[in-house]
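Assembling the complex is the task here: the two chains are given apart, and the hints tell you how they should meet.
Taken in order, these protein sequences are the chains called A and B. For reference, each letter of the first sequence is one residue, going 1 to 164 in the UniProt record's numbering. For reference, each letter of the second sequence is one residue, going 1 to 367 in the UniProt record's numbering.
Keep in mind that a hint or two might mislead.
Said to hold, decoys possible - In the DSS-like style, the derived pairs of lysine-lysine whose C-alpha atoms are separated by at most 30 Å in a straight line are: (1) B:Lys152 <-> B:Lys196; (2) B:Lys14 <-> A:Lys134; (3) A:Lys18 <-> A:Lys141; (4) A:Lys29 <-> A:Lys9; (5) B:Lys223 <-> A:Lys29; (6) A:Lys11 <-> B:Lys223; (7) A:Lys129 <-> B:Lys223; (8) B:Lys196 <-> A:Lys9; (9) A:Lys156 <-> A:Lys77; (10) A:Lys134 <-> A:Lys156; (11) B:Lys14 <-> A:Lys44.
Keep in mind the hints are simulated off the structure, nothing from the lab. All of these numbers come straight from a predicted model, not from anything done at the bench.
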Amino acid sequence: MPLFVPKEKSKELIEFLKNNPLLKDLTKKEINELEMITHLREYKNDEVIIQSKEPTLAIYIMKRGNAFVVMGSVEGKGEIIEKIEEGEIFGEMALFENEPCSVHIIADGDVQVLGIFKYDFDALIHRNKELGIKLLYNIAKLLSSRLMRIDTKLYKNSASTNQT
Amino acid sequence: MNESIIITSKYQKKNLIYDLIVIVIILILVISISYFLYKPLTSLFIAAIISYLLLTVVDRIERLGVIRVIAVSIVFLVIGAILTAGIINLGPLLLSQIDTIQERLPQYKELTLNKITYIKDKLYYFQTTFNKRFPILGEIHVVENLLDSISKTATHGFNELLSLSTVFSVISILPLFIFVPFFTFFLLLESRSIKKYLISLVPNRYFEVFLNFLYRIDNQLGKYLGGIIIECVIIGTLSATGLYILNVNYFLFIGVVAGIVNVVPYLGPLIGSSLAIIIVLLESGNMADVFQVLILFVAIRLIDDLLIIPVVISSAVKVHPVIVLLAILVGEYLMGIIGMVLAVPIYEVTRIILKEIQGIIYRHHLT
Chain A
1 MPLFVPKEKS KELIEFLKNN PLLKDLTKKE INELEMITHL REYKNDEVII
51 QSKEPTLAIY IMKRGNAFVV MGSVEGKGEI IEKIEEGEIF GEMALFENEP
101 CSVHIIADGD VQVLGIFKYD FDALIHRNKE LGIKLLYNIA KLLSSRLMRI
151 DTKLYKNSAS TNQT
Chain B
1 MNESIIITSK YQKKNLIYDL IVIVIILILV ISISYFLYKP LTSLFIAAII
51 SYLLLTVVDR IERLGVIRVI AVSIVFLVIG AILTAGIINL GPLLLSQIDT
101 IQERLPQYKE LTLNKITYIK DKLYYFQTTF NKRFPILGEI HVVENLLDSI
151 SKTATHGFNE LLSLSTVFSV ISILPLFIFV PFFTFFLLLE SRSIKKYLIS
201 LVPNRYFEVF LNFLYRIDNQ LGKYLGGIII ECVIIGTLSA TGLYILNVNY
251 FLFIGVVAGI VNVVPYLGPL IGSSLAIIIV LLESGNMADV FQVLILFVAI
301 RLIDDLLIIP VVISSAVKVH PVIVLLAILV GEYLMGIIGM VLAVPIYEVT
351 RIILKEIQGI IYRHHLT
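With the rest of the complex left out, here is chain B (with noise of 0.2 Å):
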């Protein structure tokens, strides 16, 4: 056979232009919709992220021959009963304790702006004898400015407190309780048309890039969100472990924030430990306490760091501490609290995305 034939490369300049514009479209709309819609999507983030966690051990179940929707049942009774246990012997005891807080809150505040004024009155003493030794200096007002600035931080945070503790009330909660199972129900029955689908709607030359792509982001952020997960349990029952055993209060309270807010990298682990910290400066005030629990988040902190992380997070998303923070509060200030939350992801799958257009342009020196 010696015929000959043209060979028209599948990747030329002009269809990768068009490409370009139309795969920053389908971002744009990705991220505005995310944007705009986050609120009432919410419940169907949450399911995504839920049921692709849970879509390797429906997979498994599936492949002992059992048909899918048995599969994805089986994994819904599972987690059930294991919610439902939980709720029973810890929820009463959790609500107690969160309406105990709510109730105190006011009381705190008050607590709060009490010892600022005792700590100014303090500073600005010292600060007029230090005026009177040191007259040269002049009038310094950096004291009433600081401690000025501090209270109306705290008396705003309060009442951001306040109101929050209005917007997870029952009502604004109750419905992702219904849609998240129903949304994670479906995506289970249906991921592997789900991908098919998308897979079937990208153009022929970008079938096996676009297959890469989604098999180096499952493998990337697969870990990342699995390690995560398991690492905010391991963190949130140490920490309510550990302060049950140092007598704190709301104990459990303290450690299921301390382990939901390990999802943000870095900021997390702060706030878990000042918010503990802090409870135990307003309820008791004794400098020996808030040692014990300072010691008691060095300890959980040493033990992510040196034990959870390595084994559990090891090989997943390693992302410069710098780029990871700027992620956080850029995520911060998009969406709030879940942009902090998806920061790291969004992030890895942008830097992905981008890695295999570079690659492309390389290879056929598109540039």
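The following block holds chain A by itself, in its conformation from the complex (with noise of 0.2 Å):
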């Protein structure tokens, strides 16, 4: 009978990154060691769930809802450059860079994410290497599927620019 969290929670949790497909290849017992130092934050319309310029210490997997990467100052109107969708991963650069990030992150409606922290990833990584590889081979396939989409966009904008 635990005093603080009910454990139906981390049992929907569990399920949560269980069919995300990210985590597909994670064991049963990973998948409760990663869900371990997860934690479910809830977000308003609107709300900014990553600022730029500030440091960057964790990891999110939206849950449910939808978010807006936004680049702009604060205080300000921002441009929408890209929409993160239920089940995706952001934030990840946190893992790789000490630098801060360079957009924001805002609330497309009331959503729910995961977040994990920074160092609490790299601990389980470090501990559980056979976890650890197949966590950052994901990334590593999310970050090289980004950078394709990314690629192609500039292709097209530079085309579209010799052609004017």
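Here it is in structure tokens:
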């Protein structure tokens, strides 16, 4: 009988993580380990999840709802450059860079995200090398697909500028 | 996608003032609860420290695939076995040494006061001669005043010790033996959900800041507390063994006390060695014995400074000695012995909180 966090909540998180395409090759034990360091957060419409120029200290998984990737200065108008959808991971740069984030992530409607602290994640992949390889491989795949998307976008942009 | 959206900063001036007030209220509540209720909550505090220190071990066992309840039980069984073995082997000897010291305390008191009177007479004679030779200096009463205050302090000290020996009676310690293991067991079992629950209470804008704050505290205090416990055990063992070799009475009692008081930085080692020297002075009165004990404690101090501290606590909290002493004095004033022990950790936590707040204010130009 836990005093603080109901068991159903952690069961629900485990179920969600198990069904995430990025984590599908993880074993039940590995999913449990990941759940131990996962925090469920709820954000309201237009609430800033990650603010640019702030040190990034966590990696997030969108559990329910969508979010915008926005460029622009704080307290002003920003341009939406990308959309994050349910199940997607964001803020993964925190794992590899000590630089502050370059974009804002803003909730589009009420959303639920799972936050994992950078150093908890670091400790996990150092502790459990097999799980670490799986997680880092999946994140690398995600980053390369994002890079390909940006390349295509840039190519299209330069092609349209050349035409004009 | 070329839509636009208004970006509202996470940290607003109006929020910050409100948040600071909330933080101050929480701090005041925590401090006043610890201050006013520290006696009934002592077992919970001790259990919290013990479970914090044992957390890594339990987590490691759990990661091997063992259910948490079993992991906690394994740790409890092992520690229980070690403690039982220690108590069976050394307990009776320690208790008999404490009993003898308690019985002899009034005798020690008389002995000390006699010695003070003896010194007083000698010095008084010296003072009179001095005044006769140099009448120009008039009547100087330094010696009487000084020795009067020393004998008063000594009498007061012994009375305190006599009352302390009743405080540490079995009846007052017994509840600790029941409640501390009970609380420790459940804190270890629930540690993760307690941490998650605390984090869930924090507003979104401080989610990452709070995680970072916990990480930094854990990193610094974990090493500090763990290191200090290891240091205490080593110092206690070295003192007891050294005193046993030197054939000093109550070697085990002095060793245990020297180990325990070592948790208080700077003052602890001083108290431990002074206790040993006073006991040797009162027991044998032989200056050669006192000198041997003095050398032993200097050697232990050197081993501590040159070997134990650099290896065990090197990367943990580094605080300026003046601040450490001030923190200890304030801790002693507010919460007595527990305050002295917790002074440095509490100072460190407060410093990290202020640093995090300062970081936010600085980054967002909120001043």
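Hints breached by this structure: Hints 1, 2, 6, 10 are the ones this structure does not satisfy, whereas the remaining hints hold.
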